[in-house]
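A.B. asks: These are the residues of each chain, in order.
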Amino acid sequence: MKLVGKHINKDHSGYVSIRPEDDEDMWHLYNLIQEGDNVRAPAIRRVQNVSATGSSESHRVRTTLTLTVSRVEFSPSTAPTGAEASSSSTTPLEPTASLQVTGRVAAENSHVKLGAFHTLDIEANRDVRIEKLEWDSIALERIEEASIPGRGAEVGAIVCGEGTAAFCLLSQHMTVVRQRIAVPVPRKRTGSATAHERGLSRFYDTLYQTFLRHIPYSSPSLRAIVIASPGWVRDAVFDHIMAEATRTGNRALLGARPKFVRVHINSPHVHSLVEVLKSPEIVSQLKETKFAREGIMLDKFFKMLGSDEQRAWYGPDHVSLAVDRGAVGTLLISDELFRASDPQLRKRYVTLVEDVREKRGEVLIFSSMHESGQQLNQITGIAAILNFPLDVEVVEAEEREAKEEAEKKLQESAEGA
Amino acid sequence: MGQQELDISGLNLESKSGPTVADELPKVSLAREKLLEEARRALESEEGGRKSASLVIIGHVDAGKSTLIGRLLYELGRVDEKTKIANERASDKIGKGSFSWAWELDGTTEERERGITMDVALQALETPNRRITILDAPGHRDFIPNMISGATQADCALLVVDSSTGEFEAGFERGGQTREHLILVRSLGVSQVVVAVNKLDQVDWSRDRYEDVCEQLKAFLVQSGFHPSRTSFVPVGAMAGVNLLDRSGSDVLALRAWYSGPTLVNLLDTLQPPTRDIDAPLRFPIFNVFKGSASATGVSGRICGGIVQVGERLRILPGDETAVVKSIESESEAEPLPWAAAGSNVTLYLIAVDPIHLSIGSVLCSPSNLIPLASVFTARIIVFDIEVPILAGTSVELFHQSRNVPASISKLTAILDRASGGVTKNNPRVLTKGASAEVQITIRPVAFSGPASRAQPIPIEPFASNKDMGRILIRRGGETISAGIVLTVVS
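Chains as they are written, first to last, in my numbering: chain Y, 130 to 546; chain G, 72 to 562.
No lab work stands behind these hints, which were simulated from the structure alone.
Model, not experiment: these values are computed from the prediction.
Any given hint could be a false lead.
What follows is a set of in silico ranges between Cβ atoms, one per label pair, in the way DEER data are often shown [claimed, not checked]:
1. Y:Asp368 - G:Glu550: 24 to 32 Å
2. G:Arg500 - Y:Ala381: 38 to 46 Å
3. G:Glu550 - Y:Thr192: 53 to 61 Å
4. Y:Glu164 - G:Thr503: 35 to 43 Å
5. Y:Asp334 - G:Ser321: 52 to 60 Å
6. Y:Glu164 - G:Pro438: 20 to 28 Å
7. G:Arg245 - Y:Ala535: 44 to 52 Å
8. G:Ser439 - Y:Met371: 21 to 29 Å
9. Y:Met371 - G:Ala490: 54 to 62 Å
10. G:Glu550 - Y:Thr193: 55 to 63 Å
11. G:Glu550 - Y:Glu410: 18 to 26 Å
12. Y:Leu539 - G:Arg500: 25 to 33 Å
Here are the computed lysine-lysine pairs in the DSS-like style, where the Cα-Cα straight-line distance is at most 25 Å [to be verified]:
13. Y:Lys432 - G:Lys362
14. G:Lys504 - Y:Lys432
15. Y:Lys432 - G:Lys496
16. Y:Lys429 - G:Lys164
For each residue, glycine too, the CB sits at the ideal point set by N, CA and C.
Please model the complete structure; the sequences and the hints are all you need to start from.
C.D. replies: Below, the structure written as C-alpha cells:
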C-alpha cells in the first residue's frame, strides 16, 4: 500500500489517500473504513437518460464518487481460474480479494445526484481517499504499518492428512486458504492394500498439481513453504514433490528446495496452523513476523489459564477492570472489536489499548483473518496476561462496593441538598 | 420403434456403456415385520450356537498388538503356512524379521517399512463358542483418529501391554496410549476388556512382574469405570505363541509353574456380546469405501441400529443421494447374507449410486427414518485429566464414528455433579479437569469468511434415541480432553 496523501487536523479529523496494491491492503482498507466515513474512489456507474421524446438510453461512465459509507464487505481471495493460475508460480500474485463499499453519494457530479446509492468495488492500484471525523491512534497506526514497503513476507503452507490437503498462504495479516483438496483413499482391507495405495498415489498427484497452481514457490517474497501433517504424510508429500520436480525438470521448484520445512501437527485440519506457528522449526525462521508472535502469545495465554488462572483474564468487562488496576502485561485484542459500528464501542477499545501502552504494557492486535485471531474471537476477542495475579471475584466485589459507595454518596448529597 | 424414440436415439443422448443401466435392481424379498421376526429368531438360535462379537485391539505403540493377532490367526488356522513363510521371508529381507507376524495385518508398504500399524485392520476368527470380528487398531498417537474409528465398531476390547522393564511404564504414564486408549474405548461404550500381558518372556516369565502390572492396571481400570467382574487378565508371549491357544512346549515351564488359569482363546470364548437394538431405525456409519466388483461400490462398517436387507434403498446422509443394496457380505461368513442386523460388522455392496457420493463418515439410513443433521448441539461431557482448562469458545476436534471435524465448545451451560447429575454451577467461566458439564458444541465453518463460511452439518443423534450414534469424543492438540453424549440437536 502506498500512502499518497495525508492531512489530519488538530481535532483529529481529516483525510488519508492511499493506493492499495495487494490482497492484504484490501484487508487493511476493510479495517479502516467505517460506517459514517466518506470514501472517494473511482467508480463505474450506469447512467440512464430519458430524452424529451420519452425514449431512454443508458450507458456506463467512469467517474469518481464520494460516498458516505453505510456498509463495507470483504471477501478473501477465491481460487484463481485455470488460465491465469499457471503464471502465478513465478510472478507475484494478482490481488483476488474484493472489497465493496456501499453508501450514499456525498458529492454531486454531472452524472450522479446527491444522495443516490452506490456500491464501490475498490480496485487495486487506484487511489482511495478516506475522510474520517476522527482518526484514532489505532487507525493511524494501521496506515503506518501498512505503508512500510517490503513487508510482503509470506509463507506457503500445506496442511495435509491422508487424502486431504489445504493450501494456505500466510502473510502478516491474513491466512488465505487458496484451495482444498480431498481425494478418497480407501482404507486397507484384508489381504489387499492395492486400493489404498492407488488412492494414495492419486492423492499425491492431485496434491502436486494443486501445489504448482497455488503456491508461488519461486517468488522471492515467499519465505518458507511448510508441509504439515500428522504421521508421515509430510515426508511422503515432500518426496513426491521433489521426485516430480526432478522428473519434469522443474528447475524453479528444485531451486526452492531449501524453503521447504516439514512440521509435525496433531490433526489435518486448517486450525492446526496455530501448531505450525508454535513449532521450533518455524519460530526460528519467522521469529519477527507478526503472526508468529500472535501464535506464541495466544498459546502463552492458554497455558497461563491452566497454570495460573488469576493472571489470565478474558472478556471485555474483566479485561477493562484489569487495565484500570494497571495489571495488564500483554493485551491480546482482535481487530474485529475495532470494526464495531458503534463509535462509542470502538472508542472504548481504543482507550483500552492506549491505557495499556501508557503503562508500558504490550499490545498485540490480532488479525481475524489468521487462525490465532479466530481462536481469540471465539473467546470474546479480548484477553490479557496480567503482571500480577488478581482474583476475578475479589475485583468484582471491589467494584460492587465502590459502586454502592458512590450511590450512597450520591444519595447523601441529594439528601443534604 | 415409434417416430419419437427414433428421434431421441438419433441424438445419441444415451450413454453407450452405462453399467448401472444394465443392472437389474434387486428386489426386496421380505416385508420389514417379517424380516425383524426372522432376525429375532436368528439371534435367539445364536444363544445356543456361536455368538458373534466384535473386538478392538488396543494398547501403547509397539506393545505387540498386530503381532499377537497375527500369531493368533495362525494358531487358529486362519493364516496358511504359505502366507506365513512368505511374510517371514519378505520381512527378513528388509531387516524387520520380528514384524513378520504383524505383516498379516499391516498390509500397506508404508506400514511394513516403518514396522508400525497406521490404520485399522479388519479380521475375523472363530473360537468354539464365539464368532469374533477383530479390529486391530494402531497404537501410535498420531493415528488415534483411526483407532477411534475402529473402536466405535467394537463391543469388547483386548488391551495388549508390554510387560518388559520400562516399556509398561512408558505406555502407562501420562500421555501413554495404554491410558488414553482405555479411556477412549470406555467412553465409546465398551465395558468388557481382556488384558493380555505380553512379552513376559523378556522378563523370564516373572510372576512378580505379572502381578505388579495387573495391580497397577486393575486400579486404573476401576477408576476409568470398568467393572472388575468384566475385566480379565492373561499372561502371554505373542511372538512365540505362548498361552494364546495353549501353553505346551518346554520353554514355558517357568510360566506353567505358577499360572494355571485360562488361555487367551479361553477368555475370548466367554466374551458377552451386548444386546442388539434391531427394532431401532437403521443407522450405518461408513467406515470404509472401496470399489467392489463390477459396478458395485463396497462400503463397510458396523450397523449401529436396525436391520438392512438386500434390495433395500438407503439414503446417504449428509446429501440427497440414495443407493440400493446389491449384496451383503461379512468377514466371518463365506456366503453372502440376505440381511444383517444391528451389531454386525458387514460390507454392503451398493448400486445405483455414483461412488463420489459415498464418503467415509457418512451415514446410511432408511429413507423413511433419517438421522438428524446438526451443526449445533448440546452434550453432556466429562473432562479428562487436562492441563489447559476448557473455555467457552475453545477450538477442538470433534470425533463421531469415523468422522472428525473441527468444532468449538460454544457455550458452557452448567457444571454437573458427577454422582447425582444435578447442576452445581450455572454458566461457569472455565471447565477444569475432572469436571462433568453440560455444553453446547458448534461445528466450525471450513473457511474464515465468504460463501464457504457456513458449517457443514454432520449426522448425529441424541444418545437417548441411539446410543452408538450419540457418543462423541473431543480432542485438542493431539490429546483427548473430553468425552460425552449428545443431548439435543439445536440446529
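A.B. asks: All hints, please: hold or fail.
C.D. replies: Hint check results:
no.: 1; hint: Y:Asp368 - G:Glu550: 24 to 32 Å; verdict: holds (29 Å)
no.: 2; hint: G:Arg500 - Y:Ala381: 38 to 46 Å; verdict: violated (52 Å)
no.: 3; hint: G:Glu550 - Y:Thr192: 53 to 61 Å; verdict: holds (59 Å)
no.: 4; hint: Y:Glu164 - G:Thr503: 35 to 43 Å; verdict: holds (41 Å)
no.: 5; hint: Y:Asp334 - G:Ser321: 52 to 60 Å; verdict: holds (55 Å)
no.: 6; hint: Y:Glu164 - G:Pro438: 20 to 28 Å; verdict: violated (49 Å)
no.: 7; hint: G:Arg245 - Y:Ala535: 44 to 52 Å; verdict: holds (50 Å)
no.: 8; hint: G:Ser439 - Y:Met371: 21 to 29 Å; verdict: violated (53 Å)
no.: 9; hint: Y:Met371 - G:Ala490: 54 to 62 Å; verdict: holds (58 Å)
no.: 10; hint: G:Glu550 - Y:Thr193: 55 to 63 Å; verdict: holds (57 Å)
no.: 11; hint: G:Glu550 - Y:Glu410: 18 to 26 Å; verdict: holds (21 Å)
no.: 12; hint: Y:Leu539 - G:Arg500: 25 to 33 Å; verdict: holds (32 Å)
no.: 13; hint: Y:Lys432 - G:Lys362; verdict: violated (47 Å)
no.: 14; hint: G:Lys504 - Y:Lys432; verdict: holds (14 Å)
no.: 15; hint: Y:Lys432 - G:Lys496; verdict: holds (24 Å)
no.: 16; hint: Y:Lys429 - G:Lys164; verdict: violated (49 Å)
In this structure, the earlier hints numbered 2, 6, 8, 13, 16 are contradicted, and the remaining ones agree with it.
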